[in-house]
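Q: Letter by letter, the chains look like this.
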Amino acid sequence: MSLRSPLGKVLGAGSAKEGVHHWWVQRLTSIALVPLTIWFVVSLVSLPSFEHVTVLTWMAHTWTALLLILFVLVATWHSQLGVRVVVEDYVHGGAKTLTLVLITFIHAFVAAAGVFAVLKVAFGAAA
Amino acid sequence: MTVYRMFRYTLFTSFANRLTGLAISIGLLVLVYWLMAVAGGAGSYSRALAILALPIFKVLYAGLLFAFSYHLVAGIRHLIWDTAHGMERHQSQRSAWVVGAVSVLITIAFIYWAFCPGAHQS
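Top to bottom, those sequences are chains G and D.
Numbers in our numbering are just positions in the first sequence, counted from 1, shifted up by 980.
Numbers in our numbering are just positions in the second sequence, counted from 1, shifted up by 8.
A few chain D residues that don't get close to chain G, going by computed Cβ distances all over 10 Å: (1) Val67; (2) Leu68; (3) Leu113.
Among the chain D residues that face chain G by a calculated CB cut under 8 Å, a handful are: (4) Leu43; (5) Tyr53; (6) Leu57; (7) Gly83; (8) Ile84; (9) Leu87; (10) Trp121.
Covered by chain D, per the in silico footprint, the following chain G stretches (three or more residues, Cβ under 8 Å): (11) 1001-1014; (12) 1027-1041; (13) 1088-1096.
Derived from the structure by calculation, the hints contain no laboratory data.
A virtual CB, placed ideally from N, CA and C, is assigned to each residue, including glycine.
Throw the hints in and build the complete structure from the sequences for me.
A: If you want it as structure tokens, here you go:
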């Protein structure tokens, strides 16, 4: 049995510097989403129609495709962090872990599907 | 029990920010469904559009526009707080009203733009 106090054991060890990671990424993605979401909503509402050809032409445009991919990735990341905080606050016990696993998987799936869809159209594979 | 008055500007705006955030997360699912449909070709797109153009979805889009506007403005308020500005009680109460008013105005503008007859062909 060590005679060192619990405080003595950790003094000077420093923090892992990971404590603010989620907080920081939530802020970073917030800042990025201000221009990205405004671009997306304005761009979507300004589409002359929602016919397939119109949407394809829009999505296949180089800048649209790039910004759409960024938007999908940053938005799902931000969403994942936000939903995680809500789950951590309101879901308890075993259901909490299960819900966290589920929401992480769903967000990863949504991010991958969004990027895949845009790339497929951008590379001209969607007829 | 009137020890703690339930309605607090900060409490309400924080809760509303979470609710609108969750709503937008649902909106992301719809968005990616739409993107996948576009990538799936003309057939899959027309099938998806038949669902996405239902009246219930139009209500959802209007709701999402509000959720987006609110979350955007409230998020900017949070970012300003992160710089340690505007945290005094009277300031945060005032900014709560500003967030509500500005987000409603943005929503009305967007809904008018998106749904106004004649503004679009479809």
